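S.K.: Below, each chain spelled out in residue letters.
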Amino acid sequence: MTAATEYSLAELCIVAASRAFESDGEVLATGIGVIPRLAASLAMKTTNPDLMMTDSEAWMLSEPNPLGKRPADFIPATESWMGFSRIFDNVWSGRRHAMLGPTQIDRYGQTNTSALGGSYEAPKVMMLGARGFPGNSISHPNSFFVPSHNTRVFMEGECDFVSSVGYNPERLPRGHSLDDIDIRLVVTDLCVMDFGGPDHQIRLVSLHPGVTVEQVQENTGYPVHVPADVPQTSAPTQEQLGIIAALDPHNQRAVQIKDNPPGVRTA
Amino acid sequence: MNKQMTARDVVAGLTDGMTIGIGGWGPRRKPMALVREILRSDLKDLTLVSYGGADVGMLCAAGKVKKVVFAFVSLDFIPLEPYFRQARQSGSIEVMEIDEGMMLLGLRAAAWGLPFIPTEVGLGTDIISKNPDIKVIDSPYDDKEWVAMPALRLDVSLIHADRADRRGVCQIAGPDHYMDDWFARAARETYVSCDELVDTDYFHDPAQARMVHWERSQTTGVIPIAGGAHPSSCAPLYGFDVAHFKAYAASAKDEAGFQGYLDRYLGDSEEAYQQSVGGLDAIRAIELPTY
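Chains as they are written, first to last, in the working numbering: chain C, 1 to 267; chain Z, 1 to 291.
Please keep in mind that the hints were generated in silico from the structure rather than gathered at the bench. Possibly wrong hints are sitting among the right ones.
[What the hints assert, rightly or not] Listed next, the stretches of chain C that the computed footprint assigns to chain Z, with coverage defined by at least 3 CB atoms under 8 Å from CB atoms of chain Z:
#, stretch
1, 80-94
2, 120-134
3, 163-170
[As the list claims (entries may be wrong)] Cβ-Cβ distance ranges computed for the label pairs, FRET-style:
#, chain 1, residue 1, chain 2, residue 2, range
4, C, Q215, Z, D76, 33 to 41 Å
5, Z, F77, C, P223, 33 to 41 Å
6, C, R95, Z, D268, 49 to 57 Å
7, Z, R284, C, K69, 14 to 22 Å
8, C, Q215, Z, K253, 32 to 40 Å
Remember, it's a predicted structure, so these values are computed and weren't measured experimentally. We treat Cβ as the ideally placed atom computed from N, Cα and C, and that holds for glycine.
Work out the full structure, taking the sequences as your base and the hints as a guide.
M.R.: Now the structure itself:
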């Protein structure tokens, strides 16, 4: 297990994000987007072989599929049918952990995937819609990946449209407790965070090499809880880099973070 | 019973203000030939219920839509549907924005004749605050509050299948039938276009019959239109047309806009449309997507 000295920021984020799944046990890991999908796949190949995963279409796999075009003789490790209607049976059972990339994340961990600015009747920017975020957020654990950590994503105030529930006491449904909501890791191009601060405040978990606490705070529109001792995000091992390369043979990970910077940034 | 009919017959039976469910998912297995026939008609003020793609975008762009019930409208590889986006940003349509799973529950409630299905999905989000018609209720069994997801009752559903016989036995041979069985059950009338019309004995093979997801009593009409899902996919027969969707999305930025797209492609019949996109052989040659 040799720590690599040369790796990209994307690879650092994949390894950091894969830790979100390591203690999950037997749940469906859904990583939407290249880095979350590689993170879930890496966890399934290393720290948590009990994870379940789909082919992003209609089949459950016992081994994650490599990303992108595969050779004509490639045989996916199909283990069951898992069409979209059945996904909801799994979601509502709670035995799932999704990692997604919302457009806004507010101080409560509420997210927005739907509409920005203007009025709800005529938003300035219409995005995807609420998708499955409302159900995911109240049914099972969720993590987030943010490729560009800035105050537009981590914005001041409350999300323009709340697609998913967070730790906002004002919106807490009757009969529920804030502890029912389970936001796990928030992995960005600067750091790893969670909502483990006082009263579910966002908290710094680790800083990527070359990043300062000040940089994280400046790029977050609300106060980040900073524990006394903040470690550096662990470098990928050579073994992890090899597995990632095999899972991503077309190197899609190189175009996920602007300019594909190295994992160790120099000022 | 012979349920075979034409797209023109289907659209002639639709009226302004109807609530229409559309099967498929994003850019996948949409009944686009039936949507195109609506584009050729005078229909208006429709309410659409859809896991939306270009079906919703095109009908919005053509001014056919009063309201959209949606969780997303997306072409997947082009995440934001360009004409739905325009319609939302100009405030020209009403919306009922819900979670993907809530839509499934609403269709099930309609299918089962229930006024609503309780769920915790939507609690604490703007799905509830922006939809005054979705009520939050007390439970007779616990002290929690629950969302009463109302039945999404459909006047008509439009679905595209791989194969069907004249009696309305419909087969979806692709890996996922999405929520199409629930669309068929939630509607008073369900019209299914199909790539291939087959004889009933086709289904005597249990492996083929296994891919039939609702009873023929839920199918009102069968409309054979080979390639009728284009530019969306109909796996395993053909993938979605990436180049066509790119041209469609680009048209939203042109001065001629959607009218330019219609002038170039729609034509006065499905035959004319298919000629404008290279013909059926070209559609059937479109590679399936890799996820």
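S.K.: Work down the list of hints and note, for each, if the structure agrees.
M.R.: Comparing the hints with the structure gives:
Three residues within the 8 Å Cβ limit are the bar, and the stretch 80-94 of chain C against chain Z gives 7, so the coverage statement holds. Only when three residues or more bring their CB closer than 8 Å to a CB of chain Z does the claim for the stretch 120-134 of chain C stand; here the count is 15, and the claim holds. Figure legend: the stretch 163-170 of chain C, annotated as covered by chain Z; annotation consistent (4 residues with Cβ-Cβ distances under 8 Å, at least 3 required). For Q215/C and D76/Z, the hinted distance range of 33 to 41 Å is satisfied, since their beta carbons lie about 34 Å from each other.
In this structure the hint that F77/Z and P223/C lie 33 to 41 Å apart at CB holds, the actual value being about 38 Å. Range check, R95/C to D268/Z: about 52 Å between beta-carbon atoms, so the 49 to 57 Å window is met. For R284/Z and K69/C, the Cβ-Cβ distance of about 20 Å falls inside the hinted range of 14 to 22 Å, so the restraint holds. Checked against the hint of 32 to 40 Å, the pair Q215/C and K253/Z passes, with Cβ atoms roughly 37 Å apart.
Against the hints set out earlier in the document, no violation occurs for any number.
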